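Novice: Protein chains in written order, with the working numbering: chain A, 1 to 344; chain B, 1 to 538; chain C, 1 to 342.
Just so you know, nobody snuck in bad clues.
Calculated cross-link-like contacts (lysine-lysine; reagent style DSSO-like; alpha-carbon spacing at most 30 Å): (1) B:K62 to A:K199; (2) A:K269 to A:K34; (3) A:K197 to B:K62; (4) A:K275 to A:K34; (5) A:K245 to A:K150; (6) A:K150 to A:K223.
Far from chain B by the CB rule (all over 10 Å, computed), these chain A residues: (7) A113; (8) R144; (9) Y194.
Treat the hints as calculated values from the structure; they're not laboratory data.
Being a predicted model, the structure only gives us computed values, none of them experimental.
Cβ atoms here follow ideal geometry from the backbone N, Cα and C, with glycine treated the same way.
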Amino acid sequence: MRRMLTTAIALAAIPMLASCSLESGGSAAPSDHKVVLVTHDSFAYTKTLFEQFKKDTGITIEVHAAGDAGALTNQLVLTKANPIGDLAFGIDNTFATRALNEGVFAPYTSPQASKGPQRYDVDASHRLTAIDLGDVCLNYDVRRFENGPKTFEDLTDPKYASQLVVEDPQTSSPGLAFLLATIAHFGENGWQPYWSKLKAGGMKVVSGWEEAYSQDFSGSSGKGPKAIVVSYASSPSAELGKDGKPRTAAMLDTCFRQVEYAGVLQGAKNPEDAKKVLDFLLSPRFQADVPGQMYVYPSLQGVALPKEWQQAAPLPANPITMPGDRIQQGRDGWIRQWRSLVQG
Amino acid sequence: MDPAVAFAGPGLTRAGAGLAALALVPLGFLAVFFAWPVVAIVSLGLRSGSVLPTLADPDTWKLVGFTLAQAAGSTVVAVLAGLPVAFLLARVRLPGRWLVRVVVLVPFVLPTVVVGLAFKVLLPGGGAWTIVLANAFFNVAVVARTVAGLWAHTDRRAEDAAKALGASPARAFTSVVLPQLAPAIGSAAAIVFLFCATSFGVVLILGGAHYRTLETEIYLRTVEMLDLPTASALSLLQLLAVIAALSAGALARRRRETALRLRSAKETARRPRGGEWAVVGLACAVLVLLLVPIGSLVARSLTSGFAGYRALAGTGTSGTLVVSGWTAAENSLRAATDATLLALGLGIVASVVLVSLRRGRTRGTVVELVDAAMMLPLGVSAVTVGFGYLITLGALPGDLRTSPLLVPLAQALVVTPLVIRMVLPVLRSVDVRLRQAAATMGAGRLRVWREVDLPLAGRSVLAAAAFGYVVALGEFGATSFLARPDIPTLPVAIARLLSRPGELNNQMAYAACTVLMLVTIAVVLLVEWIGSGALGEF
Amino acid sequence: MVLRLSGVTVRYRDFTAVADADLEVADGEVLALLGPSGSGKSTLLRAVAGLEPLSGGVVEWDGVDLAGIAVHRRGFGLVFQDGQLFPHRDVAGNVAFGLRMARVPAARRADRVAELLRMVGLAGYQRRKVTELSGGEQQRVALARALAPKPKLLLLDEPLSALDRALRDQLAVDLAEVLRTAGTTALLVTHDQDEAFTVADRVAVLRAGRITQVGTPDEVYRWPADDQTAEFLGVTTILDAVASDGVVKTDLGPVELAVPDGPARLGLHPSAVRVGAGSVRGRVTARVHRRDHVRLTIEVGDRVVAAVAPTLGAPEPGDEVRLGLDADGIAVLHSRGNPTAH
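Start from the sequences and build out the full structure, keeping to the hints where you can.
Specialist: Right, here's the structure in full:
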């Protein structure tokens, strides 16, 4: 009897679960005004802004995440004949040239573009529009060093090198940015000796930001053993102590500028609405949401920053940059060289 | 017994047509959601460049060597750790056995990124051994439960006979018990090997910059570098390794079919005596070792009280997640439910077809080929399949590439082979004559399935459903690739929380892990309560 | 109503399991298919049930060819050697299975189940688990299950051979009685002649896929079709002799048999050779004690024969004994007037 009862319960439960999951697990009701926004895993937004946008324009934004910035670029390249969306966001300056060379994007100049974003244009074709920017910088635990390191050169001191944890440029976007920063700073001939010194000094390499920052870094909640990590200029704003003072600081002379772009995809099913969404990404409301959501600075001028940012996340005055085509030409070779230097 | 019994009944043509139609369901699914994408992406790579430089590169062979070595090492550790636990589950009548069944399954659902981080904390030295241990940690359950499934139903008297003939308990084990269990061990080992050879997150985190496998290299080449020729060459090598493992598993299963008369589990379990206590002790040690990483995760979730758990109601520090932690949990349950139902449907149909083929006059090798083909999705990189989807599924109506439906579909691809592994052996063990008896009493073809096969396989189906559910809950590789950010599953949300700075995000991630484990335990307990523990293997 | 087999042939790839079998079973008759293992008797039974596709020939019921009729529509019951009870159902659930398939209402099902369980001597066993029954009880349940839907024909595939000897003898008697009570037409497959002779009205002997002989138990026992059939039925010694005036003279002495004059070929069961009286001398070489007699191996000249003796005062190996023949244990092979039916 008991078995019959339990079996009956189990059998009854399955269709119930199934029906409730089928009912609401699907996508939103089909709408003529739908824009598929392809982006990277780190894309974050406040839901109500999208809802308001829908109310105002009737356009539903469907977000599709496609891995990190590199994965995103490569997926767009792979599907350029039959794009998986209408609009892409999150191609950064390290991958922009590849996407442009492959003809992934269609030209569009947003009316908002002249209010700041154009400063970061990759080329003159108006196919990619800058949405936000951030800086990959070394961060250190202020409690561990009274007078912390300031420059790349400081790190060659074994006292610091042994405390350094960096990400693998093959698997991590900040890792790649840091490698590019050292190449830009030391030049084609100088970066390899520099890395050799870091390696000799006891630098640690891990595969991703999560481990480096949350696990190995002493300044984060993980309270790891290493006091210096490759992270972002904005990271200290998330590590405020109980007294309101940041526990970590960014080394502003080591920052590599990452700019994130959006663009309407060539061959999009709904290019007109995609343009409206791009305008929305540049609207003051969305731009004001960007720092809190994605720890990056808005590209639009005159957008107020959150309060803690003024204290803990100043925008570096002289970030390191590198032209997109130089990155595109050098990237795979530099990574190979780095691999044999550091891993060999 | 007459050889005739092995052959099928009449009406072959009509039944054959029905069978063929039925076979189209799982094969069609496999073709559309697995074969087509994989073939498309691999052939794209082969067209756009030569595979020869990759094959000639000594680095490639180092990669193959390390992949196979770590998978073999992990398999050996998982088998060695799993056997005492299997003994505990199968042969020992002690209070709290149900707890053991539950505990061994928990590692299975943990997101690899979380386990990777946990092992990194526990074994800071790192290195290849950490990878082996972490992979084994995930897979002890496969060995323990598969082997226990057979062990619990194996006649104890053969072992007693050996002892009566003067064999020491150790000798009786190696000369009698081990050969009896060999099919289950072989079958489990093949699956564990597959899981370990294609394990991704663990290798990426624990291997750091030093250790790579085919899987991580395929990921790098495909996702980060779009170097499709190299990725294709590596995928082909991976496929070869997988097919070799599957063939070994199929051989082991073939031998298993000679394991005849199985006993009811009740009569084989008893209180341990003498040296058996040592094995029980060993099993407990394994369980404790399994609990250490689990415990460390729970501890981390509680570093500042229940803040992380309270935070699950929200979206993390300044909205790291688009939805709340609980909504993510709900999404997980939904996707896993859909995936499980789909996989059960496909798996049962496939098992029915495979069993019918075997009972029919189809050659055994054909049946084994089809059987092995259904296992292939376990051994092919999620990235290869995912990128294959990108260039193929767009051609289907209603562009599935960005549909949330793709998540349960991809999960079902992983779960279906496991359902088949659990349901098929039971259906196979149903005596043909039992079905014939039903037929002579007036039961038609379908009625026989309903009245005989399915009730007998019922418990395994239930166990498969639970296990599939647990696997779908924990599935990360394909899901992270396909899940939309506004509909994340719990593992995806955990990974995202860990990818952001902020103490609260971290605590929330570990709290979510704990929730995931609790859900797993609840599912397993429900099944135990309903009365599984049948002849399950996976 | 009658079952008729004509030219039935069953082949697997290049192996012929049953060749060209002709057979008829009358209404209410119990016919045994008797043969050694591998003789094709089970295959023939399964062909009748519809479980084995025919490679040739016809199976008819009441003049209707069964070729197009699926197993579950034939209305034949089947009992296997090892019962094949449904382990997930209790005794009543097993017995009622065929009734459910025939859509018999629940109340009548219960009555019928009780009636059958009484008939097989298991009254009150309804709620017992089949896995907890003894082998004999399981076979009784299997019999009740097969009889419950009142099959037109009951097929029994070695129903008693998995049981131990004492139980087998007892159940054979019970089975015969149940079949007579139920008035069922039945086809019984067995390799045990005692079982066949106990249960069946007629016996068909099979060898290597062919039916070699069909007849009543007495006919088959006394007039086997050929030497091999005789040997299968327990004949240990075959003698060529000459008959005249109702007496057959053999190397082991004369015996009175109603056979026509002329050459005769006799098959001796051990019980045909009696120790103690008679004219022929032999020497005992071995002796085995059986349940109610002693079995002896005796050298007579250059011939070795099997014989029986009472347990009391039986000779020892090495003893010289006198031998004589008893007509009761003698089968007649090849003589004119051999009444074997075909």
